[in-house]
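*Asks:* Sequence:
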Amino acid sequence: NIYIRLGLPALVVEADSGAIGGKESHEFMVITETGEDEVIYCSNCGYAANAEKAQSAKATIEDVIASRSLEQSEGAAKQFLPLEEIATPRCKTIEEVASFLGVSTNQTFKAVFYSADGEFVFVVIRGDLEVNETKLRNTLKCSELRLATEGEVSEAGIVAGFASPIGIKDVKIVADDSITWGANFIAEANRRKRRNSRRS
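Reading the sequence shown from the start, the letters are residues 7 to 206 in the working numbering.
Treat the hints loosely; a few may be bogus.
Said to hold, decoys possible - Simulated restraints on C-beta separations:
#1 Cys51 with Lys175: 36 to 46 Å
#2 Glu125 with Cys48: 28 to 38 Å
#3 His32 with Leu135: 38 to 48 Å
#4 Glu42 with Leu135: 17 to 27 Å
#5 Phe168 with Thr40: 13 to 23 Å
What the hints assert, rightly or not - Subject to a maximum C-alpha distance of 20 Å in a straight line, what follows is the list of computed EDC-like cross-link-like pairs (lysine to aspartate or glutamate):
#6 Lys98 with Asp134
#7 Lys98 with Glu136
#8 Lys147 with Asp183
#9 Lys141 with Glu33
#10 Lys141 with Glu42
The set of hints was computed from the structure by calculation and includes no laboratory data. Quick reminder that beta carbons are idealized off the backbone N, C-alpha and C, glycines included.
Please model the entire structure based on the sequences and the hints provided.
*Replies:* If you want it as structure tokens, here you go:
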């Protein structure tokens, strides 16, 4: 009522409870062109949540295939293709790898490394997405979460920039659910300038 009387467009949105705890938390957010947070809102069902809390559907492999050419779609439609190691010279970023191999970034794996209460964590997420650290902290149920240092990555036996969850042992791996919605991804090969691929 206060926001209505002030003439401010506000939403009640789901939010992360953070250090306060509890299963549910909501906050009032005023809709503006600039601000410190983002709201995910559905005009059809009325669902609203801030970016830290929001749950959203991710593009399925069928969506990815539908956005491609006929030739690309026919190759991608074959499920669980054999694992193939390929060279990717002069490719340093996910965008460069995807372009070199003729795929979208949502067909690649991204590796991000964290320290959760002192434990090394290997996070795998689709290449076109970013890690939501609030959700990761809640998943790990840790109090301190930060990006791992170069020394911690090296100590874990991982080559930064060329790391893959394939074949990694004795390391906690957390995979984003976006990975379960697809198949035949491009991943690093744990060797410089090489990638693992499940593609035709």
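*Asks:* Taking the hints in turn, state whether each one holds.
*Replies:* Each hint, compared with the structure:
In this structure the supplied range 36 to 46 Å holds for Cys51 paired with Lys175, their Cβ-Cβ distance being about 44 Å. For the pair Glu125 and Cys48, the supplied restraint of 28 to 38 Å holds, since their beta-carbon distance comes to about 36 Å. One distance hint, 38 to 48 Å for the beta-carbon pair His32 and Leu135, is violated here, with the actual separation near 26 Å. The beta-carbon spacing between Glu42 and Leu135, approximately 21 Å, falls within the hinted interval of 17 to 27 Å.
In this structure, Phe168 and Thr40 break the distance hint of 13 to 23 Å, their C-beta atoms being roughly 39 Å apart. Of the supplied pair hints, the one linking Lys98 and Asp134 holds, its CA atoms being roughly 15 Å apart against a limit of 20 Å. This hinted pair checks out: Lys98 and Glu136 have alpha carbons roughly 18 Å apart, not beyond 20 Å. With a CA separation close to 18 Å, the supplied pair Lys147 and Asp183 stays within the 20 Å bound.
Note on Lys141 and Glu33: the hinted pairing holds, with a Cα-Cα distance of about 17 Å set against a maximum of 20 Å. Proximity of Lys141 to Glu42 is assessed by CA-CA distance (about 18 Å); at most 20 Å being required, the pair is judged to hold.
The structure is inconsistent with the numbered hints 3 and 5, although it conforms to all the rest.
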